[in-house]
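Chains as they are written, first to last, in our numbering: chain A, 1 to 270; chain B, 271 to 504; chain C, 505 to 742.
Calculated from the structure, these hints are not laboratory results.
The beta-carbon is built from N, C-alpha and C at its ideal position, and this holds for glycine as well.
Honestly, I wouldn't trust all of these hints.
As the list claims (entries may be wrong) - With a cut-off of at most 25 Å between alpha-carbon atoms, the simulated DMTMM-like pairs for lysine to aspartate or glutamate come out as follows:
id : chain 1 : residue 1 : chain 2 : residue 2
1  : C       : LYS524    : C       : GLU538
2  : A       : LYS200    : B       : ASP421
3  : C       : LYS616    : B       : ASP421
4  : B       : LYS411    : C       : ASP654
5  : C       : LYS616    : C       : ASP695
6  : C       : LYS574    : C       : GLU507
7  : C       : LYS616    : B       : ASP402
8  : A       : LYS109    : B       : ASP273
9  : A       : LYS109    : A       : ASP210
10 : C       : LYS611    : B       : ASP421
11 : A       : LYS200    : A       : GLU84
12 : C       : LYS574    : C       : GLU538
13 : A       : LYS200    : A       : GLU259
14 : B       : LYS411    : C       : GLU731
15 : A       : LYS133    : A       : ASP110
16 : C       : LYS524    : B       : ASP273
17 : C       : LYS574    : B       : ASP402
Stated by the list, open to error - If you only want the chain A side, here are some residues facing chain B, beta carbon under 10 Å, derived:
id : residue
18 : THR40
19 : LEU41
20 : LEU66
21 : GLU168
22 : VAL169
23 : GLY170
Stated by the list, open to error - If you want the footprint, here are the derived chain B segments under chain C, 3+ residues with CB under 8 Å:
id : segment
24 : 370-378
25 : 409-421
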Amino acid sequence: MKLNIPAFVAALAVLLSAAHAETVRLAVTTSFHNSGLSDTLLPAIQQELGIEVQLLVVGTGQALRLGRNGDVDALLVHSRDAEEQFVAEGFGVRRCELMYNDFVLIGPKDDPAGVAAAASAAAALSAIATFEKRFVSRGDDSGTHTRELHIWSLADLDPDEFGSWYSEVGAGMGASLNTASALNAYILSDRASWLAFGNKGALALLYSGDAELHNQYAFLQVSQARHSHVKAELASRVERWLSGPRGGELINGFRLQGESLFRHNASCNG
Amino acid sequence: MNDFLQGLIEAFRLLVTLDQDLVEITLRSLQVSLTAVLIATAIGAPLGSWLAVTRFRGRRQAIACINALMGLPPVVVGLFVYLLFSRSGPFGVLGLLFTPTAMIIAQVFIATPLVVSISHQGLRELWAQYHDLLISLNTSKRQRMTTLIWDGRRALLTAALAGFGRAIGEVGAIMIVGGNIDQATRVLTTAIALETSKGNFSLALGLGIILILLAIAVNLAIHNLLRTERASLW
Amino acid sequence: MVESILPLELAGACVRRRGKALVGPVDLTISGRELTMVIGPNGSGKTSLLRMLHGLERTRDGTLSWAVSKELARRRQAFVFQTPILMRRTVVENIAYPLIVRGVGRKHAREKAVQWAARVDLDAYLDRPASALSGGERQKMTMVRALITDPEVLFLDEPCASLDGTSTREIEELLIQTRRQGTTIVMSTHDLGQARRLADRIVLLLRGKVHEACSAEGFFRQPATAEGESFLQGGIVE
Ligand SMILES: Nc1ncnc2c1ncn2[C@@H]1O[C@H](COP(=O)(O)OP(=O)(O)O)[C@@H](O)[C@H]1O
Ligand SMILES: [Mg+2]
Chain A
1 MKLNIPAFVA ALAVLLSAAH AETVRLAVTT SFHNSGLSDT LLPAIQQELG
51 IEVQLLVVGT GQALRLGRNG DVDALLVHSR DAEEQFVAEG FGVRRCELMY
101 NDFVLIGPKD DPAGVAAAAS AAAALSAIAT FEKRFVSRGD DSGTHTRELH
151 IWSLADLDPD EFGSWYSEVG AGMGASLNTA SALNAYILSD RASWLAFGNK
201 GALALLYSGD AELHNQYAFL QVSQARHSHV KAELASRVER WLSGPRGGEL
251 INGFRLQGES LFRHNASCNG
Chain B
271 MNDFLQGLIE AFRLLVTLDQ DLVEITLRSL QVSLTAVLIA TAIGAPLGSW
321 LAVTRFRGRR QAIACINALM GLPPVVVGLF VYLLFSRSGP FGVLGLLFTP
371 TAMIIAQVFI ATPLVVSISH QGLRELWAQY HDLLISLNTS KRQRMTTLIW
421 DGRRALLTAA LAGFGRAIGE VGAIMIVGGN IDQATRVLTT AIALETSKGN
471 FSLALGLGII LILLAIAVNL AIHNLLRTER ASLW
Chain C
505 MVESILPLEL AGACVRRRGK ALVGPVDLTI SGRELTMVIG PNGSGKTSLL
555 RMLHGLERTR DGTLSWAVSK ELARRRQAFV FQTPILMRRT VVENIAYPLI
605 VRGVGRKHAR EKAVQWAARV DLDAYLDRPA SALSGGERQK MTMVRALITD
655 PEVLFLDEPC ASLDGTSTRE IEELLIQTRR QGTTIVMSTH DLGQARRLAD
705 RIVLLLRGKV HEACSAEGFF RQPATAEGES FLQGGIVE
């Protein structure tokens, strides 16, 4: 058997890459994907716009890198400072706020640090630090991690000075929740990931509701001025659809285990 | 224990219902890894053979390098291939990132050192047996290489299957360059990683069992193919 | 008629391993159409000497020269090793291999290999793996594999060393035929009977040095040296 390998590979490449013409690549964070909302939105977009949205589920840091390098057409992330910088540097067309949900504090059901009764998110974390109860941190510069660090700073605490009860796992939301479940530890999660998580073990949702736990998602279209090949036209159609009434209807109507998860609050600036 | 049982049940359910998504990602796993191993062997067999018949300065260092490359973490390979094929990278214009082709390329990088190393080990032994005869017959270097490749095809098959084992079970590289896109680049290993991250351990374990069954099936199929080619063992 | 590659002339030639001379210095001429038998006790350097003559060992110190260039000469020689080197192929593919290497078409190479196999009664085993042959059959196979390219000079290193009487006789018959057809043969043996039966010339090797080189007739009538005599009497010579 003689194989013309280069020709074979070339033919394969053509076959595989040209399969879909009307596709948009969207980098999303694990927390968004874990909710299962995309399973509702993507088929609707496919049906109503004729656009296939290919999801790349990655950490926030990696999502922004993919956007900077022009490897995706748009991002759906939740890390405001990083997003604004992304737009300011000219990689994003504009930052389009889409919807929000909230972060929740998860911990052992018996709540040894007593965070359930805390007056604020910062007070809840302070209690954990005071009792030095096990806490798992994403430690991966994700939107969730950034928010966790922000709340520690509100409580006037610096994780660098914490003892061994504070574990930075450097992993995605799901993997971190698995770790927390195994260690019976406290952890900050977005509500969607928590609800959809299948390995809760002895953990429970202990604290939520502080305004500091507001979790805003934004849609960022990658600038065609930076990367001429990005599918700007398709991406803006997706953006308009998501921020419009159809997107709103589906986002507000989405329920996970009977709970409404996201509030649509579209506003695009820039 | 419960998780194991649930994993088995899940694997059984997936197999019996021939879940359509499962069939798709399984076929894609096979397509990507088999193609990668085919290419890795097309590179590895001649290179292993060449290393067996050639003496040159730095040969031992070259072999040591190849052996070290076998231990390369797939994530590093993935990052490397990502940087090559990113739109901002040297081969960005090809638009191959997040396609099965990019995954094949990454797995070629992962499988080739293993295939070269194992091929070389097998063919070196054969060369020790053949050395005097092939020198006496005045063979050219090319003839020595092709003779070793042909007569050592069992060793090469072992090498290819080892490469396949490493490729089919690999997740770090194809996650980065493939992106684990549903219906486009999702394969068994990336699906397992995804389900694990969702805490769906039984589904993840079920997929893992299917992955192992697949690897066993491929090994058996290829060994049977060779057994029918020639009944006796050398 | 093709130009002869002979004579082969050695002058002060040595085989060295890590500086130590295993063989030599040797002065020797092989000139043609006869069977030269290299005899000597184990470890005397028979294998090393034959390998040097064929070019498998580097010639040190002195010189080794053929009537033609080394490359041309090499194409008209063949070597049969003491332990048969079996290729992981069928018997007929083993025999045809030297022809394939020389660019002969597969079909023609196979036809010739089949003919040669028949000459040593291997025709029943053509498509069996070579590894399935008995010791004697293996050596017969490597003999015809050496002869298939019609070499002018054939080297054999103790070809019957571990064979039984029947196989030895078959191989000796083939050797006698081959010599009759004009092939120059240089072989080694530690079997004096075989030397008596086959040799035209004797080279007695002791401790890596040529002790005697003379006609077989003369040697077996009366060796020129005391060691030669002792070796012939079956005494222990080192
Ligand atoms: N590779 C080697 N390295 C060192 N010494 C060797 C090697 N091969 C053979 N010798 C030595 O060279 C001498 C001649 O060996 P050899 O040519 O095989 O003798 P013979 O064939 O007459 O038995 C022996 O003393 C043997 O031990
Ligand atoms: Mg010997």
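Going through the hints against the structure:
1. Restraint check for LYS524/C and GLU538/C: the C-alpha separation of about 32 Å exceeds 25 Å, so the hint is violated.
2. Straight-line distance between C-alpha atoms of LYS200/A and ASP421/B comes to about 57 Å, which puts the hinted pair past the 25 Å bound.
3. Restraint check for LYS616/C and ASP421/B: satisfied, since their Cα atoms lie roughly 22 Å apart, inside the 25 Å limit.
4. With a C-alpha separation of about 23 Å, the suggested pairing of LYS411/B with ASP654/C holds against the 25 Å cut-off.
5. Annotation: proposed proximity of LYS616/C to ASP695/C is violated, straight-line Cα distance about 33 Å (limit 25 Å).
6. Between LYS574/C and GLU507/C the alpha-carbon distance is near 14 Å, which keeps this suggested pair within the 25 Å criterion.
7. Among the hinted pairs, LYS616/C with ASP402/B is consistent with the structure: their alpha-carbon atoms are about 24 Å apart, no more than 25 Å.
8. With a C-alpha separation of about 22 Å, the suggested pairing of LYS109/A with ASP273/B holds against the 25 Å cut-off.
9. For the hint pairing LYS109/A with ASP210/A, the CA-to-CA distance comes to about 20 Å; that is within 25 Å, so the pair holds.
10. For the suggested pair LYS611/C and ASP421/B, the alpha carbons sit about 19 Å apart, so the restraint of at most 25 Å is met.
11. This hinted pair does not check out: LYS200/A and GLU84/A have alpha carbons roughly 34 Å apart, beyond 25 Å.
12. At most 25 Å may separate the alpha-carbon atoms for a hinted pair to count; LYS574/C and GLU538/C meet this at roughly 21 Å.
13. About 17 Å separates the Cα atoms of LYS200/A and GLU259/A, which keeps this hinted pair within 25 Å; it holds.
14. For the proposed pair LYS411/B and GLU731/C, the alpha carbon gap of about 45 Å is over 25 Å, so the pair is violated.
15. Only pairs whose Cα atoms come within 25 Å are accepted, and LYS133/A paired with ASP110/A is accepted, the gap being roughly 12 Å.
16. Straight-line distance between C-alpha atoms of LYS524/C and ASP273/B comes to about 69 Å, which puts the hinted pair past the 25 Å bound.
17. Under the criterion of a C-alpha separation no larger than 25 Å, the hint pairing LYS574/C with ASP402/B is consistent with the structure, at around 17 Å.
18. With a cut of 10 Å, the hint placing THR40/A at the interface with chain B is violated, because the nearest CB-to-CB distance is about 14 Å.
19. The beta carbon of LEU41/A comes no nearer than 13 Å to any beta carbon in chain B, farther than 10 Å, and the hint placing it at the interface is violated.
20. The beta carbon of LEU66/A comes within 8 Å of a beta carbon in chain B, closer than 10 Å, and the hint placing it at the interface holds.
21. A least Cβ separation of about 17 Å between GLU168/A and chain B goes past the 10 Å threshold, and the interface hint is therefore violated.
22. For VAL169/A, the interface hint is violated, the least distance from its beta-carbon to any beta-carbon of chain B being 12 Å, above 10 Å.
23. Given the 10 Å rule on beta carbons, the hint for GLY170/A is violated: about 13 Å separates it from the nearest Cβ of chain B.
24. Counting residues of the segment 370-378 of chain B whose beta-carbon sits less than 8 Å from any beta-carbon of chain C gives 0, not enough to reach three: the coverage restraint is violated.
25. With 4 residues having a beta carbon nearer than 8 Å to a beta carbon of chain C, the segment 409-421 of chain B meets the requirement of three or more and the stated coverage holds.
Comparing the model with each numbered hint stated earlier shows that hints 1, 2, 5, 11, 14, 16, 18, 19, 21, 22, 23, 24 do not hold.
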